[in-house]
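Chains as they are written, first to last, in our numbering: chain A, 1 to 335; chain B, 1 to 335; chain C, 1 to 335; chain D, 1 to 335.
Please keep in mind that the hints were generated in silico from the structure rather than gathered at the bench. Please note that a few of the clues may not be correct.
You can't tell identical chains apart in this list, so a pair holds if it fits in one copy or across any two.
What the hints assert, rightly or not - Straight-line C-alpha distance at most 20 Å; calculated EDC-like pairs for lysine to aspartate or glutamate:
| # | residue 1 | residue 2 |
| --- | --- | --- |
| 1 | 188 | 277 |
| 2 | 248 | 168 |
| 3 | 105 | 70 |
Number of protein chains: 4
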Amino acid sequence: MTRVGIIGASGYAAADLMRLLLGHPGAEIVALADLPDKCGPLARLFPQFAGRLDIRITPADAEALADGCEVVFLALPHTASMTYAGPLLEAGARVIDFSADYRLKTPGLYEKVYATPPDEANLADAVYGLPELYRDEIRPAQLIANPGCYPTGVILGLAPLVREGLIDTHDIIVDAKSGASGAGRTPKLLTHYPECNESLQAYAIGAHRHQPEIAEQLSYLAGTGVDVLFVPHLAPMDRGIESTIYAKPLQDLTRERLAELYHAAYDAEPFVVVRDEPPATKHIAGTNYVHVFPTLAGGRVVVSAVVDNLTKGAAGQALQNMNLMFGHDETAGLR
Amino acid sequence: MTRVGIIGASGYAAADLMRLLLGHPGAEIVALADLPDKCGPLARLFPQFAGRLDIRITPADAEALADGCEVVFLALPHTASMTYAGPLLEAGARVIDFSADYRLKTPGLYEKVYATPPDEANLADAVYGLPELYRDEIRPAQLIANPGCYPTGVILGLAPLVREGLIDTHDIIVDAKSGASGAGRTPKLLTHYPECNESLQAYAIGAHRHQPEIAEQLSYLAGTGVDVLFVPHLAPMDRGIESTIYAKPLQDLTRERLAELYHAAYDAEPFVVVRDEPPATKHIAGTNYVHVFPTLAGGRVVVSAVVDNLTKGAAGQALQNMNLMFGHDETAGLR
Amino acid sequence: MTRVGIIGASGYAAADLMRLLLGHPGAEIVALADLPDKCGPLARLFPQFAGRLDIRITPADAEALADGCEVVFLALPHTASMTYAGPLLEAGARVIDFSADYRLKTPGLYEKVYATPPDEANLADAVYGLPELYRDEIRPAQLIANPGCYPTGVILGLAPLVREGLIDTHDIIVDAKSGASGAGRTPKLLTHYPECNESLQAYAIGAHRHQPEIAEQLSYLAGTGVDVLFVPHLAPMDRGIESTIYAKPLQDLTRERLAELYHAAYDAEPFVVVRDEPPATKHIAGTNYVHVFPTLAGGRVVVSAVVDNLTKGAAGQALQNMNLMFGHDETAGLR
Amino acid sequence: MTRVGIIGASGYAAADLMRLLLGHPGAEIVALADLPDKCGPLARLFPQFAGRLDIRITPADAEALADGCEVVFLALPHTASMTYAGPLLEAGARVIDFSADYRLKTPGLYEKVYATPPDEANLADAVYGLPELYRDEIRPAQLIANPGCYPTGVILGLAPLVREGLIDTHDIIVDAKSGASGAGRTPKLLTHYPECNESLQAYAIGAHRHQPEIAEQLSYLAGTGVDVLFVPHLAPMDRGIESTIYAKPLQDLTRERLAELYHAAYDAEPFVVVRDEPPATKHIAGTNYVHVFPTLAGGRVVVSAVVDNLTKGAAGQALQNMNLMFGHDETAGLR
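Work out the full structure, taking the sequences as your base and the hints as a guide.
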């Protein structure tokens with residue numbers, strides 16, 4: 001049994017990870033930690049675990065956690081993660097970080113986006129935890145930078161095109177729509193029920209922090225710089241992201257050719273399904289699946305990709321990474 | 001008092017029109033008509049009118065309607081409208097049609113899109129009922145082609161740019177998200193609550209019938225051909241459409257210049273508000289307002305426009321047209 | 001034109017009142033006030049008023065408000081209202097209070113429920129603003145205690161039975177379900193979208209502050225003490241309250257007799273509709289209507305009553321009261 | 001591996017069962033069947049199974065199913081189930097029926113409620129599949145009558161009180177609120193998104209078919225007749241039922257005594273959690289758990305019980321029954 005600890009246990013991504021771990025045949029949750037004011041019995045904070053997971057959240061102590069756990073998930077906001085990752089690694093635990101702290105490798109980029117210098121000491125060894133792209137690097141990794149929710153769907157939606165050089169990498173538009181759990185569990189006006197319900201709006205147009213992550217990862221695949229105009233929207237639902245991606249083809253493409261390309265890229269993947277009609281977020285809600293539908297319209301390649309922001313976009317993907325790192329079946333706990 | 005009749009009284013757009021007419025100081029509903037199996041007391045069909053509007057829906061009879069009404073609204077699907085418009089006009093009533101039957105003027109286009117020949121006899125005299133563009137033509141019109149819900153927001157969102165020749169008219173992408181009432185009142189799986197709730201999906205990618213309407217209207221404004229890639233989405237809410245529009249500027253633009261352009265275009269308009277941040281559909285739900293927010297991002301002009309699909313996108317705009325046609329204050333019943 | 005001021009302009013009930021006043025032919029909003037940190041242009045706080053109501057919220061000053069306004073609505077929480085009502089009345093304004101501060105007349109009851117002594121000086125003259133019961137007292141009143149949202153539907157749902165002595169006044173159960181706007185605009189975990197959406201729960205079982213208000217009002221109608229077990233629930237919707245009321249008949253009743261009783265009580269009322277099947281909250285959403293459906297089942301009278309918590313349950317009823325007080329048509333601005 | 005077949009594979013309860021079976025370590029789905037017009041690849045009907053369950057739905061053939069399956073789940077409407085149960089049993093399969101066909105044992109009751117004579121031949125041997133009450137009878141059973149969604153929560157919510165004779169069995173009121181998936185997958189106006197969303201209403205007041213099931217089961221526990229007034233409501237959410245139960249105590253009870261009683265009844269149960277505050281349906285959404293909260297208010301015992309209508313109210317409970325019948329851990333596939 002892989003012994004698991006979670007820091008930041010009071011958030012939605014952590015709760016989704018617990019839900020998944022309860023069904024994992026080879027892992028057990030041994031410690032939950034968070035800030036002192038969020039400690040106490042788990043079921044007090046998340047009543048859905050009453051009778052299912054009888055455990056207390058305790059103050060985070062890296063050394064103690066590393067002592068009892070083989071792997072520690074950091075379900076923390078950016079800049080908070082980096083205060084724990086180093087000590088945990090030093091004390092011998094492997095770390096899977098949900099934040100952006102170890103995602104951006106381009107020198108200076110993290111600081112530019114997050115206004116804080118990165119943890120240079122550990123950044124170099126961190127592996128971007130998108131199994132469909134980096135499965136071999138993930139297996140032996142000590143530190144995983146778990147991808148952002150938006151980037152997961154967008155990168156997988158574009159990878160076959162970018163890798164083959166089929167589209168203009170300077171003319172990509174992504175129009176994404178996310179459910180409200182992506183904004184976290186702290187109450188705020190934007191996600192106050194009577195404001196958010198029955199409403200849809202764009203936000204952070206061209207200025208969302210996931211844009212540099214998407215562009216950097218796509219540039220690795222392209223072997224050249226990639227520009228992406230990324231426009232997120234808040235949609236009135238709990239979970240799920242739909243990303244509609246618009247790209248300009250560099251050569252004549254047909255729908256058949258596109259379908260072949262995506263099937264070739266993904267048919268062996270356990271969690272990516274190539275669809276032949278536009279997918280709905282409900283089709284993947286609560287699961288680790290990505291559904292992608294590529295087509296042609298108006299002279300563009302149009303790809304619709306859906307992921308669950310908390311599962312494949314955070315906790316499920318983290319568990320997929322853990323499975324790879326610890327030799328479990330990659331799909332354990334995720335079917 | 002302007003005497004009003006409605007054919008197609010059993011649908012959502014008709015119900016929204018009745019809601020608005022109840023608050024109109026200078027109009028009264030004198031007749032509601034529909035197919036025989038949809039006749040009966042209005043409050044049986046729409047309980048929200050119990051105690052407010054005590055009237056029966058009766059079988060549609062053009063001559064009788066024209067006899068009692070100065071204006072008849074056709075809240076009917078395409079091809080159904082054209083069977084009523086001619087007889088009503090001949091019998092002396094003015095007609096405001098919610099369907100697509102009189103919107104497309106380009107020869108052959110209606111038949112191509114709707115697989116039926118148009119009503120040529122009346123098509124030429126029909127006026128496209130978008131007051132912000134055609135106010136003077138609307139006033140004396142006998143037959144109004146009320147714009148589609150998607151086109152209303154998209155055309156108003158793009159008009160200032162297209163009119164001034166500021167964008168490449170062959171590189172326009174519109175990513176629109178609509179609430180479920182846009183699909184009408186007939187139950188179907190797509191809008192069955194447990195399917196549609198908590199879900200968002202693209203549909204009719206590049207193949208929606210509102211695309212030719214948008215392109216034709218924009219080409220009139222541009223004085224040249226316009227291509228639009230239009231991708232609609234179904235969002236889990238009752239009402240509202242958010243359209244995020246992506247266009248390539250032909251010259252250097254700044255956000256300030258954009259704001260000025262839109263304010264110049266719309267500040268005198270009673271129902272168009274230029275916002276300085278992205279609008280939410282909730283801000284215009286149930287109203288005849290359009291909120292638009294133009295900005296620049298990633299080398300593109302990005303415009304977010306929101307309208308209520310039933311009000312400014314159908315019934316409200318129809319009433320605005322009626323106000324113009326009959327000399328009422330343009331905003332009567334719409335504030 | 002009746003000149004209107006509102007204190008507490010930053011809340012949902014105030015916003016609903018503004019929406020209604022915009023359509024009122026004989027009233028105008030001349031002043032909006034709130035706490036200093038909530039001041040500023042109205043459209044900054046409530047973008048739905050952009051282009052419709054160009055006014056600033058300013059710090060509340062009773063004397064200045066009384067100077068410019070004939071009536072001031074207090075859209076404030078309990079205990080806050082009583083700090084403004086006295087000074088406003090003294091300065092010559094009439095006051096319609098949305099809070100509980102002037103609703104409870106039984107000596108000691110207000111202090112018991114709200115842990116603060118009431119404003120005895122003005123309490124005696126306050127009129128409970130339920131027009132269907134107290135129309136004649138409302139007309140000349142200087143101070144109106146506008147009823148609570150839950151009590152409005154429950155009292156109207158029970159009044160015909162209680163007045164006629166047809167039910168056991170010590171065996172009444174009310175199971176009520178409210179939309180989330182009833183909890184106000186301050187973000188909190190209970191109404192955080194990902195918590196509240198897709199969820200329904202009971203709260204404050206037998207301990208809600210509206211219970212004493214319901215019991216007191218019903219006891220006036222009954223001429224004897226009334227016990228009510230009141231259990232509210234939070235439902236995943238913006239607006240609306242459905243109250244299912246269970247009462248034990250004291251004599252043999254039939255459904256026909258019940259229907260007659262309710263029709264006799266309400267058919268002359270402009271805003272109460274007696275239905276012949278269970279009403280849905282959507283039938284009255286955004287309106288000042290109450291729909292009631294009385295029936296018999298399992299040896300009980302069962303009444304389902306629906307109201308919009310913000311309109312008939314707050315702002316609409318307040319406006320109905322204003323109409324009565326200032327000689328407007330009772331339904332002005334409310335159709 | 002227990003070989004499983006499902007007839008009625010096109011409905012929501014069947015889909016929920018498939019979801020659960022995918023995570024069951026000791027069972028496999030070998031056949032899915034339905035009416036001829038609902039046959040085809042499963043993922044065409046339910047895209048959420050694309051890539052997870054590659055199987056076709058084929059026309060139902062009892063003999064063939066019994067040949068390949070040890071157990072067949074009948075996810076069918078009442079009266080349809082009884083045409084399959086007999087032949088399946090005869091051919092050697094064990095049967096778990098989701099419909100009401102084998103639930104009512106009182107002579108004449110089934111026919112009275114469902115207007116069809118029951119399958120007398122098999123009714124006598126059918127076991128009511130509520131494990132918390134009939135675990136020992138379920139283990140050897142050949143035919144399980146899986147409880148209704150409403151009855152599951154209500155019976156478990158009342159069982160401790162009724163068994164101990166603590167309440168008046170002729171004065172029980174149940175006010176229940178259900179999500180829309182309870183109405184099935186066939187589109188109809190009541191559950192059409194723009195009708196059902198943002199709305200709550202009572203229906204079938206005192207006349208719902210689950211009332212006799214509740215009363216019969218409670219009378220077995222009470223050893224005497226039980227009357228229940230049952231009033232269901234439709235709430236705007238996908239899943240979940242909250243039942244608020246009102247009962248008159250026959251002796252002095254305290255909240256402490258109630259809590260003890262419920263803990264004694266349920267602490268050993270794997271899927272029933274006794275809460276110390278009102279539970280939300282979200283706490284049990286998608287799970288096989290029941291949360292119950294008993295309290296006292298206004299002289300009544302008030303119990304709030306929540307279940308997921310599709311899981312503990314149908315598919316999850318059915319799987320729990322299968323686990324008992326085939327010697328699996330009772331919680332297999334359900335944690």
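A quick look at each hint next to the structure:
no. : hint        : result
1   : 188 <-> 277 : between (36 Å within a copy, 18 Å between copies)
2   : 248 <-> 168 : both (6 Å within a copy, 15 Å between copies)
3   : 105 <-> 70  : neither (26 Å within a copy, 55 Å between copies)
Hint compliance for this structure: hint 3 is the single one not met.
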